[in-house]
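Protein chains: 4
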Amino acid sequence: MRKLRMGMVGGGLGSFMGGVHRKASALDGMIELVAGAFSSTVEKSKATGRELYLDENRCYGSFEEMLLKEKELPLGERIDFITIVTPNHLHFEPAKMALENGFHVVCDKPMTLTVDQAKVLQDLVKETGLLFALTHNYSGNAMVKQARQMVVNGDIGDIIKVQAQYLQGWMADELDEQASIKPWRADPKKSGIGGSLADIGTHAEQLVRYVTDMDITEIASDLGRIGEGRTLDNDGNLLFRMENGAKGILTISQVALGEENDLAIRVYGTKGSIKWEQENSTRLVVQFKGEPEKTFTPDGYGIYGNVREVSRIPKGHPEGYLEAFANIYKSFATHLSAVLQNKEVENLDYPTVNDGVKGVQFIYAAVDSDKNNAAWKKPSEF
Amino acid sequence: MRKLRMGMVGGGLGSFMGGVHRKASALDGMIELVAGAFSSTVEKSKATGRELYLDENRCYGSFEEMLLKEKELPLGERIDFITIVTPNHLHFEPAKMALENGFHVVCDKPMTLTVDQAKVLQDLVKETGLLFALTHNYSGNAMVKQARQMVVNGDIGDIIKVQAQYLQGWMADELDEQASIKPWRADPKKSGIGGSLADIGTHAEQLVRYVTDMDITEIASDLGRIGEGRTLDNDGNLLFRMENGAKGILTISQVALGEENDLAIRVYGTKGSIKWEQENSTRLVVQFKGEPEKTFTPDGYGIYGNVREVSRIPKGHPEGYLEAFANIYKSFATHLSAVLQNKEVENLDYPTVNDGVKGVQFIYAAVDSDKNNAAWKKPSEF
Amino acid sequence: MRKLRMGMVGGGLGSFMGGVHRKASALDGMIELVAGAFSSTVEKSKATGRELYLDENRCYGSFEEMLLKEKELPLGERIDFITIVTPNHLHFEPAKMALENGFHVVCDKPMTLTVDQAKVLQDLVKETGLLFALTHNYSGNAMVKQARQMVVNGDIGDIIKVQAQYLQGWMADELDEQASIKPWRADPKKSGIGGSLADIGTHAEQLVRYVTDMDITEIASDLGRIGEGRTLDNDGNLLFRMENGAKGILTISQVALGEENDLAIRVYGTKGSIKWEQENSTRLVVQFKGEPEKTFTPDGYGIYGNVREVSRIPKGHPEGYLEAFANIYKSFATHLSAVLQNKEVENLDYPTVNDGVKGVQFIYAAVDSDKNNAAWKKPSEF
Amino acid sequence: MRKLRMGMVGGGLGSFMGGVHRKASALDGMIELVAGAFSSTVEKSKATGRELYLDENRCYGSFEEMLLKEKELPLGERIDFITIVTPNHLHFEPAKMALENGFHVVCDKPMTLTVDQAKVLQDLVKETGLLFALTHNYSGNAMVKQARQMVVNGDIGDIIKVQAQYLQGWMADELDEQASIKPWRADPKKSGIGGSLADIGTHAEQLVRYVTDMDITEIASDLGRIGEGRTLDNDGNLLFRMENGAKGILTISQVALGEENDLAIRVYGTKGSIKWEQENSTRLVVQFKGEPEKTFTPDGYGIYGNVREVSRIPKGHPEGYLEAFANIYKSFATHLSAVLQNKEVENLDYPTVNDGVKGVQFIYAAVDSDKNNAAWKKPSEF
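Protein sequences appear in the order of chains X, E, D and C.
Residue numbering for the first sequence follows my numbering, beginning at 1143 and increasing consecutively.
Residue numbering for the second sequence follows my numbering, beginning at 1143 and increasing consecutively.
Residue numbering for the third sequence follows my numbering, beginning at 1143 and increasing consecutively.
Residue numbering for the fourth sequence follows my numbering, beginning at 1143 and increasing consecutively.
If you are wondering where the hints come from, they were derived from the structure by calculation, not from laboratory data.
Below are the BS3-like pairs computed for lysine-lysine, each with C-alpha atoms no more than 30 Å apart in a straight line:
hint : chain 1 : residue 1 : chain 2 : residue 2
1    : E       : K1332     : E       : K1188
2    : E       : K1413     : C       : K1413
3    : D       : K1145     : E       : K1213
Derived DEER-like restraints, expressed as beta-carbon distance ranges:
hint : chain 1 : residue 1 : chain 2 : residue 2 : range
4    : E       : E1242     : X       : T1359     : 51 to 59 Å
5    : D       : G1369     : C       : N1489     : 29 to 37 Å
6    : C       : K1268     : X       : V1487     : 50 to 58 Å
7    : D       : E1488     : E       : T1183     : 29 to 37 Å
Remember, predicted model here, so these are calculated numbers, not experimental data.
All residues carry an ideal CB built from backbone N, CA and C; glycine is no exception.
Build out the structure end to end from the sequences listed, making use of the hints.
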């Protein structure tokens, strides 16, 4: 086999997410970046390519050009997949065109602006059989995987209660600079109908589903729009209910002053409970009925075998955000390599187009509930 | 002056809360227990008195007897106030009779079973001018007081978001022993219409009001009744809104397996934020705009003068639950001593009959909201 | 039985330790303060007594007067024991006279200024059979007791390594106010030959011995005297070796800027390890071979029965410094009550005159080692 | 410019450190692995190369062969530097030969087995002007760099006390498997005269020097050799003194059961103090005189500009062991790129051959001190 060949959509010089995706995809030596439509002009795109030591001929001025030109190259030389790291409103078109032209896709979240778009991609993936990974990177953390495995194995019994939160403060901290950082984040045309809901809420929503291995069936949402002239939510409190009747609560904010990236989840069951905090990502606090609190760590004692494999280094040596992000790419690359070699592969573990659909439905349901004074809404009906 | 003289209602041998109130009231040497109606029979009451080295003649078989007999004693010898440490349904009658007979009152929470009863006591306090303290002990913690003072002084700006939780696991942990521990807790006739709402929810509610110095105006409540045949709530998720429009979220549970006594609050403002956890009661985590996170400690740097006075020992020496509880008694005793000497006193800081009314209204609103699928309800309208 | 009757030596108005001892001794309702030689003049002593609502006739101008006058009172009315809360150089005389006159003794640490004095008290206790408690309060913490019990029961196997520290910063923090706070602390005539060694080092030394249930056989000591004109140590680093050959390390300081009261111990054995920090006194972190880290809490799961009894309140409700201090008094009072009733009593658990001797020997050995450039010295040979 | 071209010595399939160095060097897209002498036979070396998608012609059977063959290639095609990831006893020869043949060097620690060897390399680096980086990876952490910068800028005043520790438990945890993991670790011929001293002690020693910006002038060492037939130290307690007279204490162990990778440092100064723990690598706890404790985080508030640049991702997103490791490579690559382009470069920040010499001197001094019952020894005299 060989390294998989990746083309990037977006991620020009100065783009934060471009650098993250490049580092994460390179970490395990399974993927190499060979082409890109990094910016809206070919000159800018080539400038980025030069910084990355790429062949300038494969630095394109648009994703359309990249997909068409690369398609003409022989398999093994041409890109195997694209990774989409553009703002939210620029996910759908390149994803659609890539799938229609036989390229696998890695895409940032939220997948699309609308539920309709999301379902188009879902249908295309079904029809073409191509792979589609959505980079819900936090579920790539070893301790999140341990949490899920403990739930799936029944270690904490039936789930009765879920508490989740995702709190950031940068919109309050850096109010003046806000426009310059990510102008599209405050613009409904580019962000879609959800603000923080889309930006961080979907991460929390996916984390809840991933860890509990259950769907969220109903939500009631009370959103905040803090600051003058703010049209999109930047704060929100939600009640939710899950498949098995368990109740949950979720709070999100990007104006929670002082918070850096406080994504956290607690799951309570009939036999035990688990707690995880992204800012202390290498600790999973577990309480089993009648026992003292236990702290599980990556590669530590009591870790499931499939979770242990996720760690690249021995216990006590922290892995962080990039490593969790890289786990999405690694699992996707392992799958794609197997597909290209007509091999079977087990333990696939990365978010897919279906997570993308659920994420956008969640945004729609939350916005609709909020408009109706926190009336209960079912995401699956959107 | 002299020590204040206290008569106890409830708190017989083996009663947990009786011991807590006795230790807390004795801690500062301002109050002495001289009488009690500890149990439902005079024999049992005297047995408790003997253990406490009390005068048996002042160990009574009922609170009525105690109040009537003590009333005949001269001031300075008779009890100055009663403290009520009985189960919830036995708060109202002794409180009412004490107020009607000129005795000041300390009462455990929730104050009464019904809003009507609560308002009767509120009226009586107003009419008689007698003192009434409600033992919401958690607001006695130095770091809670520092949090409140920082809010009141505007240190964190306008409040925009509040997150609170009170999670215990003992009902799940000790399911079999539950009946034997506190049988009245599962019995609506003795607990009132709220289960965990009354037992712990009102603590969280009072903490939110105390720290933010604002009322909760609206709540939407989704309650859980985990376990077979359970009629009262033992779990709940609530959205709430405050006087100034700030939104909040609250989760409570007594079946959150593994949790010991996880009462916690976070308050986010336009200039900073504060976080406090009862299980780490001596740390207050504060974040001011544009500064690194700060941790305030009792008697440490940056503590307000009125808060520093609350600490009995120098920084680094933990004070805990009993000391916080004692702060309620100490503040009440300071007030009562001043009243008895016709002195003025400043900085009164203990929960009163008004907190009792609000607590019961909160329970009523939450139960009603839950019956209506989490529709918004205003506590003040109950 | 009745409450035990206590006379206090020292602890006049404004004395910090006086208040601590009064609160701690009162907490459990087993002891009442009935007499005192609080200050060096009878007027001042009576002034303190008035604040405490004591009988002025039992407020004396000297400990000699108190011991002689009280001795004339009938048993049951006279004080049963004295508690000595004076500066270090004023421990020996009242302790000696009390023992010689049939009074039991509670004494603050370090017990005496010199090893010779310490051995005099040790001999007197042996001869008279009177009880003697030394208030090494930190060993009164429930989690310290759990640690010791786990060691004694062999839960962590043979001890191979011990790490201890006691770091404060107040001498650096409050340099200007230092003189006014505790003038005797910097004066060798009043403190003895050890500065921080005596003030906090002996606490660490006793904690090591208490938790490991072993003696320290050898120490090598490198002391610091930070600041101009400083003659007594206020900082120190020590190597030590224990009875079974285990090696240890200890660092102490009162100029560790920013530290409040960071007393901590770690004990490593062949089957597990334990860690405790005074500032997080309600958590004991334990690691057994091949298992995830466990956190034990007072009254929590896995706590030994004799340790559980030490907690006054249920799990999750922090107890702190005063409660740990009170546990010394409670254990002493339980013992003394049994003695007065000619009863047997088990599980006696308070530091004694022997701990006092070892503490002073430790100071002597450390100072001598430091003078000899950290040569090894045996405390037992001093 | 182009990517720098790296040849690896050691790091065959299954080697842990090989994978770490490959991931760390690849992370920032500045270095590409193009050649290797991964194993002791050319077949094994090529097998590793295939897994890494390398040109088989550049997978060599020995470092000698690699250096000689690569030297024949034109600059820009040939390797720019070698990275040495072999066991300790195989560092010296390839490093020496590389320097003698014009190749820059990255080398794992401890640099050599003997002080003599270390000085040979030091002289060669001086003579040739070639670059030499020693992978003391922990000093690559952003919060370690912030700590150093705060010390250098005088933020905490004059240093008066240093406390360091490096505790692992895997030798106790995995006793049976020990031989299979790293057989050379227990073999003096391959490890040198230091066991844990070399393996982890030198990391702590370098961390102390890096953060304080001072040399360690004297040490007194009490080493442990826990377990039957153990000849090399696996535990140790050390006193030390620094250039300015500050005293310090260091404890290390690889038999501290339950510890994962507990490297930690505290530095106390006349104006403040700092604390860092590798297992919580993204927090730096700082206390300034008279202020509440502050917690600094990567890319957070109050971070120095040169430290902020070290973070690849925004605050709240943990970076870990690999990122810190990569920072050594990144700084080295930045330097080497500048050298190759005849450019000036500022803020060089990676450990060099001089750190290597000091590390081996530290081991020698510690072993000699231990042999002399913890007598003081000066590392610089070895």
